[in-house]
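Novice: Quick note, the sequences are listed as chains A and B, same order. By the numbering used here, the letter at position 311 of the first sequence is numbered 311, and the numbering carries on one by one without gaps. Here the numbering used here runs 623 ahead of the position in the second sequence, where the first position is 1.
Any given hint could be a false lead.
Unchecked claim - Only pairs whose alpha carbons sit at most 30 Å apart, straight line, appear in this in silico DSS-like list of lysine-lysine:
{"#": "1", "chain 1": "A", "residue 1": "553", "chain 2": "B", "residue 2": "728"}
{"#": "2", "chain 1": "A", "residue 1": "553", "chain 2": "A", "residue 2": "603"}
{"#": "3", "chain 1": "B", "residue 1": "822", "chain 2": "A", "residue 2": "515"}
To be clear, the hints were calculated from the coordinates, so they are not data collected in a lab.
The residues making up each chain are set out below.
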Amino acid sequence: MRPPSLAYSVSSWATTIMRNLVCLLLMIFSVCRGDAFGAEGGPSVTRIRQAEYIISDSDTLPAPDAGWSAINLPHHVAKPTRRELVNYWYKVGFDVTSLDEPLWVLFPQLLSGGDVYVNGALIGVKPWANEQIQVRWYRPELWLIPPLLLHAGSNELEVRLGIREPFTSFGEIDIGPEKIQRETYNTLVFWEDTTADVSTALCLLCGLFIMVFWASRPQEKLYGLFGVCVLFWGLRTLLLRTPVVPVDFFLVWRLAYYFTTAGFIVLISIFMLQFSSRSNRNFNRILIAYWLAGCAAFMLIGMPVRHAIEAYWLTGFLPFNLYAMVCLLRYAARQPNRTAIAMGLAILLALVLSVHDLAVQEAWIDMPEIYLMHLGMPAFLLVMIGILLDRFLITLKQVESVNEKLEIRVAAREAELKQSYDQLRKLERSHAATDERHRILQDMHDGVGSQLLSTLMMAQHTALPQATLVGLLQECLDDMRLVIDSLTPDDRDLLPVLGNFRFRMESRFHSLNIKFDWENRNMPESMEFEPDVGLNILRILQEALANILKHAKAQRVVVDITFEPDRLKIRIADDGCGFVETARIQGRGVSNMRNRAKKIGGKFSINPLQTGTEVSLEIPLAN
Amino acid sequence: MVTKVAIIEDNAEFLSRFRHVIESSADFSFVGSAVNGTDGLALINNVCADAYLVDLGLPDIDGIELIRHAVKLRPECDVMVITVFGDDTHVIQSIEAGATGYILKDSTSLDILECIRTLREGGSPISPMIARRILQKFQTTSEPAAVPDQVTAIPTQVTPTPLSEREYQVLYALSKGLSFKEIGARYYISSHTVARHVKKIYRVLAVHSRGEAVYEATKLGILGQ
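Use the sequences and the hints to build the structure in full.
Specialist: Next up, the structure:
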């Protein structure tokens with residue numbers, strides 16, 4: 001079997017994580033609900049579901065015949081009167097069979113607060129709405145019932161409270177021993193309160209973080225939008241969970257709550273559309289207009305439209321929100337990449353949670369009034385962090401692959417360059433070889449070739465003395481040697497060529513018993529010359545030495561070569577019969593040497609010595 | 624002690640001249656000659672000489688083969704190659720085959736005798752051009768990346784070559800055109816010692832090139848493991 005590719009395994013890894021996360025959230029959710037009601041089946045906790053209530057401003061418990069109504073708990077109905085603040089008395093009966101263990105009373109939800117009495121005695125106070133304040137508690141309450149207040153048999157628990165909400169909400173009551181009650185209480189506190197606090201803090205921090213990120217990369221509009229969403233949500237939760245609000249600020253507070261809540265819905269809808277590449281300017285405008293209009297209406301009219309705002313205006317966002325969700329889900333279905341799928345799942349979770357919250361708030365279902373929407377946002381945040389991480393990983397991978405590609409390309413380019421350089425070198429060499437061939441051909445033609453030819457003609461037409469013939473042929477051979485010595489297309493150093501010449505001449509003069517001294521002064525490491533320049537220098541030397549051999553009858557020859565930074569000085573001196581005597585004979589040789597020296601830009605002179613002759617040559621160097 | 628000399632040369636003029644030169648000296652004796660490669664091989668097999676003079680341009684067999692054969696069969700002898708120009712290509716090939724000297728065809732008789740004498744005394748002749756080529760050979764084979772120009776630029780040994788420090792110095796000085804005498808004066812040795820160094824260098828080059836050949840052959844799979 002083929003091993004899965006890295007990309008595939010990363011993708012499946014991410015999806016698995018996401019799936020597990022969602023499962024975990026759902027599981028926690030169900031466990032939480034299970035915990036909340038698990039106590040119901042417990043042997044010693046009594047869940048009270050029957051109650052009586054009365055609308056009354058009385059400070060004391062109204063008389064039994066004052067007009068109590070029997071209801072089932074949780075009691076969740078629309079406000080029964082048009083009064084802004086309605087005061088209630090609730091009372092429930094419960095039986096006590098054993099007085100051995102102290103009993104505790106647990107209110108899983110005591111949203112509106114209240115004064116709690118047992119058999120007419122106050123056992124707990126939780127601030128409730130009055131003329132000065134508005135309250136909303138999102139946490140359970142647990143109180144000890146002082147054992148002295150209880151008696152075996154039937155007992156009564158009374159709660160006095162005031163409600164401003166459009167809905168009257170009064171939850172169930174559990175009575176039982178401390179151990180179980182406290183466990184339930186802790187669980188509820190955790191899920192209703194702690195998680196919400198954590199989520200709020202998380203949202204505000206992440207929102208700020210994303211905004212900072214956005215500020216440094218303004219082109220990432222999607223992230224900016226999400227950052228604002230998260231901030232709105234954080235603010236909304238913060239506002240919502242302010243339990244006690246003075247009535248003077250209630251309108252502003254509520255307005256801020258509507259503004260942030262609806263703003264969040266608007267922004268998340270726009271975000272979802274943008275995420276699924278279905279952004280529509282008109283849709284956005286309508287949505288924003290609707291949002292601002294609702295807020296403006298509440299600001300102008302105030303509390304009287306509160307119910308309309310909550311029941312209709314907020315619900316009115318649902319179609320927009322649903323449309324955006326459908327777009328996103330379709331996008332996720334069409335492009336089943338992990339980010340789209342994760343985003344789709346988070347949206348679904350949020351949808352489920354918000355529908356739950358709406359159902360609870362509007363009393364569509366018979367469930368305790370626990371709001372869970374705040375759990376949707378962390379899921380969103382996780383997805384978003386996942387997406388950012390994903391993008392980071394992808395970018396990292398891209399950078400790596402770009403580097404790799406670059407390296408490969410650089411290597412390829414290097415190889416190409418090397419190849420073309422090699423070709424160039426080859427071409428240069430071949431050019432040099434061609435040039436050299438031309439030079440040698442030219443040289444043979446003008447030098448050895450014509451010399452041989454003239455020797456041949458002379459031998460054919462006149463009876464040459466043997467010595468003359470030998471001399472002429474020797475000249476031919478010597479010249480050929482010079483040409484061969486200078487045959488170095490890739491090496492222009494004159495030193496070994498000069499050395500070779502010296503080596504050859506030394507043995508020739510030695511065999512004729514003529515003392516031959518060759519002196520190099522300041523010899524450098526190398527001395528580069530164009531081949532034809534080198535050859536001309538050698539030919540002048542050769543001519544001068546040949547003249548000495550032929551005509552001077554010398555006993556000693558001195559060759560002095562001085563290497564100076566800017567010139568090469570050559571001096572050839574002999575102790576022979578002198579220049580004047582031989583001038584007539586060597587006329588042609590001298591003019592040859594002069595011409596050659598001129599050709600290479602050198603200075604040539606012949607000077608008579610006291611005994612013998614001195615030939616000097618001075619060649620300027622290029623640098 | 625008389626030095627026995629055998630000559631393998633297809634040109635009758637040269638052969639007779641060399642023979643004449645050898646026979647004219649009391650220190651040397653002519654022990655045989657051949658005018659082609661086949662006869663040359665037989666001569667090497669049958670006649671034991673101190674020095675074999677071999678021409679490269681034989682009609683049937685490459686003179687290089689004969690040099691190899693002679694060196695292999697008679698390691699104590701000296702093989703000299705006879706060349707027209709003493710050009711580096713031919714001379715170095717011969718040295719790599721095992722020759723320890725070379726004689727120019729137009730050398731004077733004095734030169735020819737001097738050359739063989741030097742050889743028998745343990746020295747070898749060398750021209751600056753050949754010295755330079757050998758130097759380049761050691762440098763390019765021991766370090767492929769070496770630029771030939773470095774030959775002259777760096778007077779001391781940079782890369783490990785099979786040559787000793789002194790041999791390298793001598794070779795370097797030779798390549799610059801210094802005479803044996805001058806080199807001897809520079810390093811406080813006699814010119815004979817310089818000549819002996821040269822012979823040693825020739826032998827090292829022969830071994831070195833044989834090593835190279837074996838290496839190349841092994842690489843190509845011609846030789847077994």
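Novice: For every hint, state whether the structure bears it out.
Specialist: To see whether the hints hold, each was checked on the structure:
no.: 1; hint: 553/A to 728/B; in the structure: holds, 26 Å
no.: 2; hint: 553/A to 603/A; in the structure: holds, 26 Å
no.: 3; hint: 822/B to 515/A; in the structure: holds, 27 Å
Comparing the model with each earlier hint shows no violations; every hint is respected.
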